[in-house]
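Each chain, letter by letter, is given below.
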Amino acid sequence: MTAPPSAASTGRTDDSAQQRPVLSIRDLSITFSGLRALDGVSFDVPTGGVTAVIGPNGAGKTTLFNCISGIYRGEGDIELAGESLEGKSPHARAALGIARTFQTPTLIEDDTVLANVMLGGFSQTRAGLLSHMVLTLRSRREETDLRERSAEAMDLMGLLPLAAARAADLPHGLRRRVELARALVAQPRLVLLDEPAAGISHTEALEFADLLTGLAERSGATLLLVEHSVALVMRVARRIAVLDFGKLVVEGEPSLVRQDPRVLAAYLGDEAES
Amino acid sequence: MTELWQQVLSGLGSGFIYASLALAICLVFQGTGAVNFAQGVMATASAYLAWSLVSNGMNFWLALVLVLAASFVLGALIERVFIRPVEGSSPLVMLTVTVALLIGLQAVVALIWGDDPQQLQSPFGGGSVEVFGARLTAQQLGAAAVVLVTLLLAGAFFRFTTLGLRMRAAAQNPASARLLSIDVGRMLALGWGLAATVGAVAGVIFAPTLGVSPAMMDSSLLLALAAATLGGFESRGGAVVGGLVLGVAANLASRYIPGIGSDLQLVVPFAVIFLVLLLRPQGLFGRVSSVRA
Chain A
1 MTAPPSAAST GRTDDSAQQR PVLSIRDLSI TFSGLRALDG VSFDVPTGGV TAVIGPNGAG
61 KTTLFNCISG IYRGEGDIEL AGESLEGKSP HARAALGIAR TFQTPTLIED DTVLANVMLG
121 GFSQTRAGLL SHMVLTLRSR REETDLRERS AEAMDLMGLL PLAAARAADL PHGLRRRVEL
181 ARALVAQPRL VLLDEPAAGI SHTEALEFAD LLTGLAERSG ATLLLVEHSV ALVMRVARRI
241 AVLDFGKLVV EGEPSLVRQD PRVLAAYLGD EAES
Chain B
1 MTELWQQVLS GLGSGFIYAS LALAICLVFQ GTGAVNFAQG VMATASAYLA WSLVSNGMNF
61 WLALVLVLAA SFVLGALIER VFIRPVEGSS PLVMLTVTVA LLIGLQAVVA LIWGDDPQQL
121 QSPFGGGSVE VFGARLTAQQ LGAAAVVLVT LLLAGAFFRF TTLGLRMRAA AQNPASARLL
181 SIDVGRMLAL GWGLAATVGA VAGVIFAPTL GVSPAMMDSS LLLALAAATL GGFESRGGAV
241 VGGLVLGVAA NLASRYIPGI GSDLQLVVPF AVIFLVLLLR PQGLFGRVSS VRA
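For the record, the sequence lines run as chains A and B.
The opening position of the first sequence corresponds to residue 1 in UniProt numbering, with each subsequent residue numbered one higher.
The opening position of the second sequence corresponds to residue 1 in UniProt numbering, with each subsequent residue numbered one higher.
A few of these clues could be false.
[Claimed, not checked] Where chain A lies over chain B, by a calculated footprint (3+ residues, C-beta under 8 Å): (1) 160 to 168; (2) 171 to 177; (3) 181 to 188.
Derived by calculation from the structure, the hints in this document are not laboratory data.
Heads up, the beta-carbon is just placed ideally off N, CA and C, and yes, glycines get one too.
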């Protein structure tokens, strides 16, 4: 899999890229009918690897994702690799390199796995609408290229043998992989994963965790995930941000987060002690 | 037996009109969730435009190409101007807008071209062909062939091109399509444009049979709505099959069911809509869908 432009050109060995966070959230707040869903949240997501956001139900995790991907417009600022996302539409943010998966995978049911994965790559195509309508050489070349990139993404997710399968026929765990492969085709800088372990068994979740770790290393994309499964988070995340009632409780390495008394009280409880 | 065969074939011929309009209605419904009651009158406007060009000396086929391009632009424009502002509104709002479009466009057509019926010459000549014992006019056969090719092209476009894939994604789940960097607004306008083009093919190619008048597509629209209900609004192929079935059924009913006759042919679509909604509301090829509260 080719790495995304920023990470690819600078690589992991480049110190300046290592130091510059892929995502900076500054003083982010949003209110729904008087309820402050996010309240002055600030933290950085370092470039590369997996960062996790955890917190109890209603802590504001999915709201945070919706603000990053542009579905909600909050107050404060969000920067992607130093570039402010203010005023940018969801589709402009996707084009800048933010890909996303959902709690419930949203696939085109009647289509093949390949077609679903290809859908992720259109932010990279340059041929115009007219060019696609009359099938010019350029649009066909781009399509061939897109098919190749889709095959690579499916390979990364172990989906190549299922390329021709219908999305509707796949079990939940595989649907998640299709969605993730679709996100990767765009060669994103940042992939937002909304509860990737929801609805799959504990064993599957641990397998998925290993897949994510490998993915972060091989794809060059930074993964930011919201997750309930503490086991999965502790296994994959390089850094963890903990939210509670819309506020950032603590942010840091897993070992630090595990021992923070506020986190123990707010969320981890017995799970962290065991 | 020969007469039955004759009735089936000529029913199939009219079925192609309903199939094209039904497909156009489905394309719009899948994209914007609106049942476009103006689909018929949009095809009427295309037929009038073709009549204007041909009666000014233009070759029929050149006129058809120009009219298709103009219809595409008109369809996309209608989406931009009238539908986009109410996108995502309740079905009742959509219904009001498309019925208003129907009345408004009908008035515009009458203002520009008047109420008098006009005649468009058939591009296929006045001959007839015998098909396994039944006699079909060259116009019937030619029009069916042109529409069949259009339907196959439309199907191939949706199934096999990446643009068709993006349009399906935008129609099925606009929110997640936006996050995949798909320009949903543009895809919906494209869908309306294509629907108008498919409808225009039927309107222009069948104009020599139907006669060009402001109400030329009225009964076809009813049969097309019944066809889309029968096939399922979610299924493009189902709508086409529904149109062909309805064409044959309406023709057979008017010939063989005592008391129906050609005047009461429109009983058939109403009966079909009623029965389908009662027995299988999602249509023969549709899927049951639910909306999360």
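Against the structure, the hints come out as follows:
Coverage of the stretch 160 to 168 of chain B by chain A holds [criterion: at least 3 residues with CB-CB distance below 8 Å; count 6]. Only residues whose beta carbon comes within less than 8 Å of a beta carbon in chain A count, and the stretch 171 to 177 of chain B has 5; three or more means the coverage holds. Coverage of the stretch 181 to 188 of chain B by chain A holds [criterion: at least 3 residues with CB-CB distance below 8 Å; count 5].
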